Amino acid sequence: MQFDPFVIPFNLGLYFILIYAVTRSVIWFMELSRPDKLRLQRGFFGKPFGQSLKEIFLESLIHRKILKANPRLGYMHMSLAFGWFLLILLGTLEADIFGEHHLNAPYKAIFFRFFNPDHGKTPFEAGYSFMMDLILAFILSGLLLAVIKRFSSKAVGMKKTTHLKILDKVALTSLWLIFPSRLIAESLTSGAYGTGSFLTGTLGSWLASFMPANEVAYPFWWLYSLSLGTFFVLLPLTRYLHIPTELFLIFMRNSGIRTGDKAGTYSEVEVHSCSSCGICIDSCQLSFSAGINNIQSTYLMKSIRNNEDIYDIAHNCLLCGRCDQACPVGIEISPIRMIARRAGQSENKYTNTWKGYFRSKQNITVSKQNITIPKQAVKAAYDFLPESNPAKADVLYFAGCMTHLTPSIKNAMVRILDASGLNWSFIDENGGACCGRPLMLSGQDKEARELINFNSQIIWKSGAHTLVTSCPICYKVFKESYYLDVEVLHHSQFIKNIIEDGSVKMNFLNKRVTYHTPCELGRNSGVYDEPKDVIRHVASLELTGYEDKNSLCCGGSLGNIKLSQVNKRKIASDVAIELTKQNPDYITTACPLCKKTLAPVTKSKVVDISELVAEAIIMPVSLKKNPQKSKRSVGESVISR
Amino acid sequence: MDRFGFTISKGRQIDWEANNRDVVDFIIEREPSLKSCIECGGCSATCTTGNFTSFSLREINILLKRGENELVRNKIRKCMLCGKCSLVCPRGVNTRNVVFLAKQAFQKLDNHAV
Chain A
1 MQFDPFVIPF
11 NLGLYFILIY
21 AVTRSVIWFM
31 ELSRPDKLRL
41 QRGFFGKPFG
51 QSLKEIFLES
61 LIHRKILKAN
71 PRLGYMHMSL
81 AFGWFLLILL
91 GTLEADIFGE
101 HHLNAPYKAI
111 FFRFFNPDHG
121 KTPFEAGYSF
131 MMDLILAFIL
141 SGLLLAVIKR
151 FSSKAVGMKK
161 TTHLKILDKV
171 ALTSLWLIFP
181 SRLIAESLTS
191 GAYGTGSFLT
201 GTLGSWLASF
211 MPANEVAYPF
221 WWLYSLSLGT
231 FFVLLPLTRY
241 LHIPTELFLI
251 FMRNSGIRTG
261 DKAGTYSEVE
271 VHSCSSCGIC
281 IDSCQLSFSA
291 GINNIQSTYL
301 MKSIRNNEDI
311 YDIAHNCLLC
321 GRCDQACPVG
331 IEISPIRMIA
341 RRAGQSENKY
351 TNTWKGYFRS
361 KQNITVSKQN
371 ITIPKQAVKA
381 AYDFLPESNP
391 AKADVLYFAG
401 CMTHLTPSIK
411 NAMVRILDAS
421 GLNWSFIDEN
431 GGACCGRPLM
441 LSGQDKEARE
451 LINFNSQIIW
461 KSGAHTLVTS
471 CPICYKVFKE
481 SYYLDVEVLH
491 HSQFIKNIIE
501 DGSVKMNFLN
511 KRVTYHTPCE
521 LGRNSGVYDE
531 PKDVIRHVAS
541 LELTGYEDKN
551 SLCCGGSLGN
561 IKLSQVNKRK
571 IASDVAIELT
581 KQNPDYITTA
591 CPLCKKTLAP
601 VTKSKVVDIS
611 ELVAEAIIMP
621 VSLKKNPQKS
631 KRSVGESVIS
641 R
Chain B
1001 MDRFGFTISK
1011 GRQIDWEANN
1021 RDVVDFIIER
1031 EPSLKSCIEC
1041 GGCSATCTTG
1051 NFTSFSLREI
1061 NILLKRGENE
1071 LVRNKIRKCM
1081 LCGKCSLVCP
1091 RGVNTRNVVF
1101 LAKQAFQKLD
1111 NHAV
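Protein sequences appear in the order of chains A and B.
Using this note's numbering, read the first sequence as starting at 1 and increasing by one per residue.
Using this note's numbering, read the second sequence as starting at 1001 and increasing by one per residue.
From the structure, some residues in chain A lie toward chain B, with a derived Cβ separation under 8 Å: (1) 384; (2) 385; (3) 401; (4) 405; (5) 438; (6) 442; (7) 451; (8) 561; (9) 564; (10) 566; (11) 596.
Some chain A residues judged to face chain B by a derived CB distance under 8 Å, without partners named: (12) 381; (13) 431; (14) 434; (15) 439; (16) 558; (17) 562; (18) 565.
In short, the hints are calculated from the structure, not lab data.
Here the structure is a predicted model, which is why all the values come from computation and not from measurement.
Where is the CB? At the ideal position from N, CA and C, for every residue including glycine.
Work out the full structure, taking the sequences as your base and the hints as a guide.
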């Protein structure tokens, strides 16, 4: 029987974490809703299983997404994750092949060199040792990068790295100690017996030349075992819980489970899958333009994990979705923020760190016990909205609040709709109700529903088949939260349709323009190409390097209720600088709010695509000769500040 | 007797002692930009809700500063948070947050928590 007391810390840690992982998984599975349970079962015993395994290999071990985005950072994560995995796998095989029995206890593989110091004499054994040394060197190179990153994040190509809590730091230290202590322990033992390969052998023989290697090795074996044990015991309390949780997340996601509107197992698994890598900090404009560095998604996840008050973090965010795109784990961050917003203010619940082992599922849910429903809340908030009797039409145009603030867009759309020859009607010509999205963004869904019902009635009564809106904020809510039987189009999509079916004729304007993708239209609704196609019909489009998924937010987003005007301006100025680098004639965008935000911070003219099109459009002869036929008189040039 | 239509008008002075400034203090602590409001009324001019009712953010700001919270309590719920007011504000007051915080303050008052 090969045994030594120093393996006890490792064994305790390992068996603790295995039991914990099984219990946690069972609890999480039990807490899933019934449809999600069925999804997960189908996903586990079906086609998505292979896909999940592939994803686990590519993302959890190789870290492909990070490698693509930032090779140095990717290498750091890969060497630690994939290297450690190989070390465990090949170490187990080594103990199995060369050890005294097959199927050994895990500690015999981990401390193989201690129990088999003579191993490595025959050429085959030496070859295997060489491979093990190579893997260890691979991990140590990544570890070196990680240490450098802690002190200077720029070295690995990151602007900022995450601030950690104390326990995370303890766990980090124990993780960092694992591999150097293994190196020194193995080297000393190998040195004493004259075994080991290029790394452990060379270092070992050098160390053995001036010290009693075998005696000095023993404390290092203890250190190796202790740091492993500490790491395993602290794992559920720290960010390193992401290592087991991410596997669970990948299986759930591939089974078709999504975050949804309420906190549940999936959102909890997502929160624990965040490794605090800090990639979201680098993508956040509040960080690099406005200098706000405490509200990024990694801190949201950390605060939810620690049951801290997340009210400020949840609300101080543009909801532009840049971090959703950047997150290498694929956590749906914006939906989690929205859950937190709906929950309102919560109390700091746990003060005792050790309670983290027994988390209740009360995670991001509302602390409702002290909120009595006020009497007024029973009454509708917007009962002043009048009964509406809209005119019958095929196509409805909803300008939205922001478009009413930028009348040039409204006038341009009127001109385009008139030119299209469709039977159309302007719902909120004299000002209508808000679409409800701003209320939703601040977590007031119940109030938003009242406005949604009001607007839905108008749309139903008009009998239209198409709804066109100029504002991406309205577009998103019409598309997702209204239950309507009409086709909802953003004006970029509508204009593209009427250009391509030949309803309107265009001149080509001799202008060079850049295009700013609005967040609500692009990342949040997935409409990337239509506005650019429209622009290509009427002007020459210059690319800025911030296209599509990498587009910037103008800073004016209604998603952020806390951001001051000064900081909004800072963000907008940075964006305007990027958009005017090629010195275009116009900056174009497809959102009235973006236009309104960008216009004051740049000398270039900011126009909406509808204004561009309205200037290029050739009005049909019938409308030109007889302007009364058109319901509204429209000026010749609509582009004006 | 002919009184020429003149009467003695009621006292119009504001009794600061009797008025409760808890709500406005709560808001200013979290959104200091409210202090720079010059009551120009730009917000009321552009207001979406103001298009349907007599709702006026300028009025609400004044009432809150005077501490006449009960007059604000129901009015504030009419705001749709559309954000036009914060775009037109010449002083850069984050008006959306003012309304948001006021709603929150009233909820807290109802729970005796301010």
